[in-house]
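Asks: Next come the chains, spelled out residue by residue.
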Amino acid sequence: MEILNEISENVVKGDAHVVAELVQGALNGGVHLQRIMNEGMVKGMTVIGERFKNNEIYLPEMMVAARAMNAGLDIIEPLMAKSNTSYVGKVVIGTVRDDLHDVGKNMVRIMFKGAGFQVFDLGIDVSPDEFVKAARDNDADLIAMSTLLTLTIPNMKETIKAIEGAGLKNETKIMVGGAPVTHNIADQVGADGYAPDCARAVERAKELLGLT
Amino acid sequence: MEGMTSKERVFKAMNHEVPDRVPLFTFSMDPKFIKELGGGDAYKSFEVLGLDIFPIRSQTWCEGKPLLFSLRAEVPPEMRLSGGVFGGWEGIDEFGRVWKRGSYVGGVVKTEEDIEKYVPPLRLEERTNPAETKRIFERYDDKAFGLMSHAGPFGLTMESMGFENFFLTFMDNRPFIEKLLKARTDWFAGIAKYAGELGVHMVLMGDDVAFKGRTYISPQDFNDLAIPCYKQIVEEAGIPVIWHSDGYITPLLEGAIHAGLTGVQALEPAAGVDLGAVKKEYGDRLVLVGNVDCGWVLCQDDLQIVRREVGRCMSQAKEGGGYLLSDSNSLHAGCRTEAIVEMFRYAKEIGGYD
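So the sequences go chain by chain: H and E.
Convert by adding 84 to the 1-based position in the first sequence; the result is the number in my numbering.
Convert by adding 32 to the 1-based position in the second sequence; the result is the number in my numbering.
One thing to keep in mind: the hints can contain errors.
[Stated by the list, open to error] Calculated cross-link-like contacts (lysine-lysine; reagent style BS3-like; alpha-carbon spacing at most 27 Å): (1) H/Lys-290 - H/Lys-241; (2) E/Lys-312 - E/Lys-263; (3) E/Lys-211 - H/Lys-97; (4) E/Lys-380 - E/Lys-39; (5) H/Lys-97 - H/Lys-137; (6) H/Lys-166 - H/Lys-137; (7) E/Lys-76 - E/Lys-64; (8) H/Lys-217 - E/Lys-225; (9) E/Lys-142 - H/Lys-97; (10) E/Lys-263 - E/Lys-44; (11) E/Lys-132 - H/Lys-241; (12) E/Lys-149 - E/Lys-225; (13) H/Lys-241 - E/Lys-64; (14) E/Lys-97 - E/Lys-64; (15) H/Lys-241 - H/Lys-174.
Just so you know, these hints were derived from the structure itself, not from any lab.
For clarity, every value in this text was computed on a predicted model and none was experimentally measured.
Input sequences plus hints: build the corresponding full structure.
Replies: Next up, the structure:
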């Protein structure tokens with residue numbers, strides 16, 4: 085459908101104003117929300133994710149695409165709850181306790197949203213109990229934790245223990261990432277998955293959730 | 033057997049000649065190590081570790097509080113989440129960066145008026161304390177000295193605007209970015225020029241422009257925007273400039289050479305920097321400093337792991353000079369004291385040129 089292609093293309097271009105107009109136009113024309121989401125916005129952000137992964141674009145280009153996507157989401161998200169439209173999955177994301185950095189976490193949030201996930205962003209300095217509560221309250225499929233500091237890697241382990249203690253480990257996958265985190269560290273803290281950057285985080289999440 | 037002073041050793045290495053052994057350096061050290069190794073005296077701790085370059089800090093302030101260089105000003109643990117250096121910083125610093133419990137959390141620069149407000153006066157003598165600096169020169173007259181400032185123009189432009197605001201403005205209003213970047217460059221060039229007048233041997237310019245696996249903006253954009261700024265700083269400094277950046281900066285090194293930078297420090301392996309490949313490609317034109325992983329290796333109790341890492345760096349970069357051994361970012365609070373001591377001890381043991 086032409087209007088969905090236009091939405092996708094303008095997400096890639098990063099034209100928020102046009103995306104908002106097109107999304108509203110598609111809604112007025114009776115296009116189903118799920119199609120607007122999947123064939124418009126998610127399709128556009130998938131192109132962005134691939135280009136970012138391949139170093140064809142960098143953070144400025146990704147950020148304007150995300151802004152355009154959000155302009156569309158602002159219109160359709162309030163309507164999604166009332167329709168039979170579904171997200172790909174639900175992700176609870178945050179920077180672990182005692183770490184106040186959020187640049188990396190925000191990039192991962194953008195990519196998850198762009199891939200059609202519903203994202204619950206808990207912000208920075210998030211305690212294990214806050215992760216557990218948000219995962220439980222929102223029936224999360226995935227918990228994603230970030231840290232910039234070597235010092236706060238133990239807090240990832242503590243959070244994972246709290247998730248296990250709350251009986252959520254079997255129903256929720258756990259991913260970790262951030263500057264000092266490696267595959268080995270992810271294994272050591274007991275995470276299910278790790279990704280070195282935001283584009284690969286979505287790929288890994290989809291693998292973990294059986295969505296690929 | 034060491035046959036050179038630190039100063040001679042560093043000059044040789046920086047001139048891509050072979051000194052008696054690989055010189056030793058760190059860009060920044062958490063105050064807990066200064067307390068532990070030097071009893072609270074930063075220079076004593078550098079001496080204990082056998083460093084060859086001693087940094088002279090160009091001070092900056094946040095709400096009147098200076099950066100820490102020693103534990104003269106004790107800061108409670110809850111005020112130093114990101115390590116000790118920014119401990120106690122809370123509020124907006126003189127560049128417009130926002131701090132909470134010692135961690136950077138955003139930036140406030142959004143308008144032309146903000147540029148005026150948050151490009152601070154140079155206040156050169158207040159930043160360096162020339163009398164104290166002279167005493168340090170006399171006390172350690174065999175050492176090489178570098179004026180250290182982590183207020184490089186590009187990273188500070190991003191941080192003072194807040195990252196998301198910076199990236200969006202980069203696409204929407206490039207002239208604003210260029211204006212702020214120019215003001216930051218003029219400011220840093222003033223610091224760099226003063227470094228030469230102060231009598232230090234080099235400028236240690238902290239400017240974070242990359243992260244794990246990639247650069248923040250494309251290498252082409254970086255070459256267009258930031259490299260001319262570095263060139264100006266190098267020209268006005270009149271002494272060598274060593275550039276410190278976090279992250280994967282390999283795609284930016286050709287530009288760094290073009291700008292006239294003498295060397296580059298950090299070279300984070302965990303971010304994807306391959307020291308051997310960088311040495312092969314750029315080692316004859318750029319002094320390489322760092323690459324000993326501080327994110328995991330220097331946080332370990334097993335010193336064999338530390339020795340293996342030092343050995344790897346030496347085997348990849350030592351040959352022909354032009355290499356200084358250093359951690360891959362800073363000696364942050366998560367590092368182990370024993371690992372730091374062993375890194376430098378072992379580097380001396382195996383770093384000799386026969």
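Asks: If a hint holds in the structure, say so; if it does not, say that too.
Replies: Do the hints match the structure? See the list:
1. With a CA separation close to 22 Å, the supplied pair H/Lys-290 and H/Lys-241 stays within the 27 Å bound.
2. A hinted pair counts as satisfied when its Cα atoms are at most 27 Å apart, and E/Lys-312 with E/Lys-263 qualifies at roughly 24 Å.
3. Our distance criterion of 27 Å between C-alpha atoms is met by E/Lys-211 and H/Lys-97, whose separation comes to about 25 Å.
4. Distance check on the hinted pair: E/Lys-380 and E/Lys-39 sit about 16 Å apart at the alpha-carbon level, within 27 Å; holds.
5. For the given pair, H/Lys-97 sits about 17 Å from H/Lys-137 by alpha-carbon distance, which is consistent with the 27 Å threshold.
6. Simply put, H/Lys-166 and H/Lys-137 have alpha-carbon atoms about 35 Å apart, too far for the 27 Å limit, and the pair is violated.
7. Restraint check: the Cα-Cα separation between E/Lys-76 and E/Lys-64 comes to about 13 Å, which is no more than 27 Å; the hinted pair holds.
8. About 55 Å separates the Cα atoms of H/Lys-217 and E/Lys-225, which puts this hinted pair outside 27 Å; it is violated.
9. Distance hint between E/Lys-142 and H/Lys-97 is fulfilled; the C-alpha atoms sit about 24 Å from each other, no more than 27 Å.
10. With a CA separation close to 23 Å, the supplied pair E/Lys-263 and E/Lys-44 stays within the 27 Å bound.
11. Our distance criterion of 27 Å between C-alpha atoms is met by E/Lys-132 and H/Lys-241, whose separation comes to about 24 Å.
12. Distance check on the hinted pair: E/Lys-149 and E/Lys-225 sit about 23 Å apart at the alpha-carbon level, within 27 Å; holds.
13. For the given pair, H/Lys-241 sits about 25 Å from E/Lys-64 by alpha-carbon distance, which is consistent with the 27 Å threshold.
14. Proposed proximity of E/Lys-97 and E/Lys-64 is supported: the alpha carbons are some 19 Å apart, at most 27 Å.
15. In summary, the hint linking H/Lys-241 to H/Lys-174 is supported, as the alpha carbons are separated by about 22 Å, within the 27 Å threshold.
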